[in-house]
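Student: In this note's numbering, the protein residues as written are 1 to 331.
Hints may contain errors.
Simulated restraints on C-beta separations [unchecked claim]:
1. Leu218 to Glu163: 20 to 28 Å
2. Thr282 to Gly219: 18 to 26 Å
3. Met281 to Pro261: 25 to 33 Å
4. Ser135 to His286: 44 to 52 Å
5. Pro157 to Pro205: 41 to 49 Å
Everything labelled a hint here was simulated from the structure, so no lab data went into it.
No experiment lies behind these values; they were computed from the predicted model shown.
Every residue gets a Cβ at the ideal spot worked out from N, C-alpha and C, and that includes glycine.
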Amino acid sequence: MVHPPAALGRDYLKAFEREAGAGSLAALKNVEDSGLLNVSLPAKKDQKPPTGANSPGKKGRISYTALSNAEAGMLPPLRAPGGVREFTVEAMERPLNVAHGTIFPAWTFNGTVPGPVIRATEGETLKINFRNLTSGAHSLHFHGTHDPHFDGWEPIPAGKSTEYILNAGPAGVHPYHCHTAPISMHIAKGMFGALIVDPAAGRPPAREVTLILHGYDLGNRGRNDLFCWNGIAGYYDRYPIRVKVGELVRLYVVNMVEYDPIASFHLHARTFDVYRTGTRMTPDEHTDVVTLGQTERAVLEMRFTRKGRYMFHPHQSYMAEKGAMGWIVAI
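Let the hints inform the model, and build the full structure from the sequences given.
Tutor: Laid out in structure tokens, this is it:
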């Protein structure tokens, strides 16, 4: 953990202002080009999962958004043709570089931890094609309201596939995860992600970021050694999220930490509106810290009225000190 981040000197704002208008993806591209981020490449559709979970496998430079699509700028989606959206989710084992060369034998959805952010508009139909490419049983369970026949608790054997049909709703942000026993181990190994359901009437335009908090149990001891937002410990401490002064910022925050029952999100020098689960269009409270139990989530909205860097982290200090510290830079 670095205060301030080593990548930011005394005139840190100038470096961000030089790329004003390029969005956060330009900053992430710089990280990719620098070679500082070396992670496993996502599997291609015809690529078999690695045979040995402890083998690092093929390495290469890819942008952070390719590793975990959670931070990609997301506009409310257009209505799907016929009101139906189809997604393919594949369970696969992949070794991932999760912190300074630390290789973690992850169990993943689509090769990343967290799994891909799935997004739809309230009332649409989701068809999720689930393929199990691993050697063990897995499943895909969504939080929210849906037909119990597609609840996702039934284990899907190795090499098999199934289809889940869900009615997108209610509006808000909902986790999904493997529900095969032992559930705690499957979640701790990386089998989780987020479903964002936009209200039928939409939300005001905003700079949007999904932040999924989770941990890594490196020794299979039932306790977390690292904590992070969106897959890489310490990432946002060194490479802050960039926003524009005055613009509406919307964070979809999800607690997927296994083994630790309570976590929180705290923002320095700024308060925010809290929409718990995001199911209501009026805020539940206005604060600078929100506490979340396991799988609880919230939509947070704020505006940064002054240039500067704003720290965020769980207020469980050991989580922050083990990788879950981050910054938002307003320019």
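Student: Each of the hints needs a verdict: does it hold here or not?
Tutor: Hint check:
1. Leu218 to Glu163: 20 to 28 Å: 35 Å, violated
2. Thr282 to Gly219: 18 to 26 Å: 45 Å, violated
3. Met281 to Pro261: 25 to 33 Å: 30 Å, holds
4. Ser135 to His286: 44 to 52 Å: 49 Å, holds
5. Pro157 to Pro205: 41 to 49 Å: Once the Cβ atoms are compared, 44 Å apart, the range 41 to 49 Å for Pro205 and Pro157 holds.
Comparing the model with each earlier hint shows violations of hints 1 and 2; every other hint is respected.
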